[in-house]
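Going down the list, the protein sequences come from chains A and B.
Every position in the first sequence, counted from 1, becomes a number in my numbering once 2 is added.
Every position in the second sequence, counted from 1, becomes a number in my numbering once 10 is added.
Simulated from the structure, these hints should not be mistaken for laboratory data.
Be aware that one or more of the hints could be misleading.
As the list claims (entries may be wrong) - Under the rule of at most 30 Å between Cα atoms (straight-line distance), these lysine-lysine pairs were calculated in the DSBU-like manner:
1) A:Lys184 to A:Lys142
2) A:Lys184 to B:Lys112
3) A:Lys129 to B:Lys176
4) B:Lys172 to A:Lys182
5) B:Lys94 to A:Lys131
6) A:Lys161 to A:Lys142
7) A:Lys182 to A:Lys204
8) A:Lys184 to A:Lys89
9) B:Lys172 to B:Lys94
10) A:Lys95 to B:Lys94
11) A:Lys129 to B:Lys94
12) A:Lys95 to A:Lys198
13) A:Lys198 to B:Lys172
14) A:Lys198 to B:Lys176
15) A:Lys182 to B:Lys176
16) B:Lys176 to A:Lys184
17) B:Lys94 to B:Lys176
18) B:Lys112 to A:Lys131
As the structure is a prediction and not an experimental result, all values here were calculated from the model.
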Amino acid sequence: SRPPPASRLRRRRLPLSLPHELRQPAATPRSRSTRSLLSPSADPRVRRPSVAMANTLRLYLTCIRNTLEAAMCLQNFPCQEVERHNKPEVELKTSSELLLNPVLICRNEAEKCLVETSINSIRISLKVKQADELENILAKKFLRFLSMRAEAFQVLRRKPVQGYDISFLITNYHCEDMHKHKLIDFIVQFMEDIDKEISELKLSVNTRGRLVATEFLKQFI
Amino acid sequence: GKSLTACSEPSSLAPQPGSVGDRGRRPSPLCEPPPRSNQKTQHCLALLVAGEMSSAAYLDTDENLEALISRIEQKSRKIETLLKQSKPVEALKTALEGSPLKTRDERCKSANWIVVHRAMMAIRDIDGMFNSLDTEYYDILMKYLYRGLSTGDRPTCDQCLKIHEKLTERAGLGCILRSLADTVNTVFVVDKSIVAYLQLVWLVAS
């Protein structure tokens with residue numbers, strides 16, 4: 003067969019001067035600063051509440067979600083005091099210029115959420131609803147159970163902040179490894195599910211107690 | 011070490027009224043008016059210029075604080091009049107104007123908060139309020155909303171949550187971040203003594 007023409011054997015070479023469109027950097031994805039110029043109603047980061055939630059709970063969770071969306075702007079920041087150390091500044095609070103204003107969001111006298119932000123970390127502390135003594139005990143035991151397994155949750159703190167039931171510590175490393183909106187979804191979903199969980203525990207304790215008492219008292223009939 | 015980021019600068023995302031970035035505009039009514047001039051104030055001003063008195067101490071002189079308190083009392087009377095005339099939005103604007111943000115005196119801040127709280131609780135139509143409220147009031151309103159949310163009082167928290175939702179839809183997340191990042195112009199006194207104590211504990215431990 004005929005050999006291929008020499009032009010096809012020659013290696014294709016790029017021109018010495020690249021065309022203008024190749025020299026320009028590739029179009030960057032829409033940056034945060036550009037996104038922030040969007041009107042707030044068009045900004046997808048501002049969450050619209052769902053219809054199904056009760057109104058005050060919906061407003062409370064929406065407020066927390068929007069606050070976390072704004073506050074979770076974390077970046078790596080090595081420790082200023084000790085070289086080659088990297089510490090979550092919100093825990094140490096050694097430099098006031100690295101801390102933002104702490105924000106306390108209360109739904110009522112019993113439920114509140116404290117959001118403390120710094121340059122490289124954010125701490126979210128929750129106080130859950132506890133209507134009576136039984137709910138107090140169940141919440142304490144259940145949340146202690148979760149706190150002891152904090153490593154599995156990664157963002158959970160082993161000990162809650164004084165005055166609160168449970169605390170989360172999110173650092174810049176978590177934001178690099180995980181999606182920010184997913185972290186916020188997790189926190190909000192946790193707050194919804196913890197109330198349901200404690201209500202179910204209370205119901206099951208009351209049901210068990212009633213059954214045990216009925217069976218025990220039957221022998222005296 | 012790394013240089014400090016913009017999150018430590020007050021309101022870096024928008025020019026403050028009366029600042030260098032706010033060129034060619036008349037002073038906003040939201041700015042604090044300058045302290046009244048008398049002999050003692052002029053002496054304090056001389057110390058400030060000579061560098062022997064800090065600006066925070068100058069703002070917290072007795073005369074300036076008394077003037078602030080009397081101005082807040084006048085504002086309170088004006089707000090009561092506006093509320094009787096069924097003008098809650100005007101009352102809220104009056105309450106937000108001239109807020110003592112730079113002073114470190116808790117009395118002034120608490121007094122102004124009471125006035126703003128009174129006006130805020132009188133609002134019934136929140137969408138209508140935002141239709142007539144100027145955008146320059148959004149940042150200061152967001153700061154007072156967070157102060158209201160921290161009280162724990164159920165009616166106050168309910169009202170603040172409703173307004174917070176609408177304000178976030180209107181002003182966006184930048185408004186929330188400016189209220190978090192502004193550690194100079196605050197509506198409550200940030201307790202620096204806790205930070206100083208923790209620094210001492212860390213130094214002793216290390």
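Hint check results:
1. A:Lys184 to A:Lys142: 26 Å, holds
2. A:Lys184 to B:Lys112: 38 Å, violated
3. A:Lys129 to B:Lys176: Holds: lysine 129 (chain A) and lysine 176 (chain B) sit about 25 Å apart, inside 30 Å.
4. B:Lys172 to A:Lys182: Given that 30 Å is the threshold and the Cα spacing comes to 25 Å, the pair holds.
5. B:Lys94 to A:Lys131: 38 Å, violated
6. A:Lys161 to A:Lys142: 12 Å, holds
7. A:Lys182 to A:Lys204: 33 Å, violated
8. A:Lys184 to A:Lys89: Cα-Cα ~24 Å, so holds.
9. B:Lys172 to B:Lys94: Cα-Cα ~23 Å, so holds.
10. A:Lys95 to B:Lys94: Since the Cα atoms of lysine 95 (chain A) and lysine 94 (chain B) sit roughly 47 Å apart, the hinted pair is violated (cutoff 30 Å).
11. A:Lys129 to B:Lys94: Given that 30 Å is the threshold and the Cα spacing comes to 39 Å, the pair is violated.
12. A:Lys95 to A:Lys198: 35 Å, violated
13. A:Lys198 to B:Lys172: 24 Å, holds
14. A:Lys198 to B:Lys176: Judged against 30 Å, a Cα distance of about 28 Å means the pair holds.
15. A:Lys182 to B:Lys176: The given pair, whose Cα atoms are some 23 Å apart, holds under the 30 Å limit.
16. B:Lys176 to A:Lys184: 24 Å, holds
17. B:Lys94 to B:Lys176: 25 Å, holds
18. B:Lys112 to A:Lys131: 37 Å, violated
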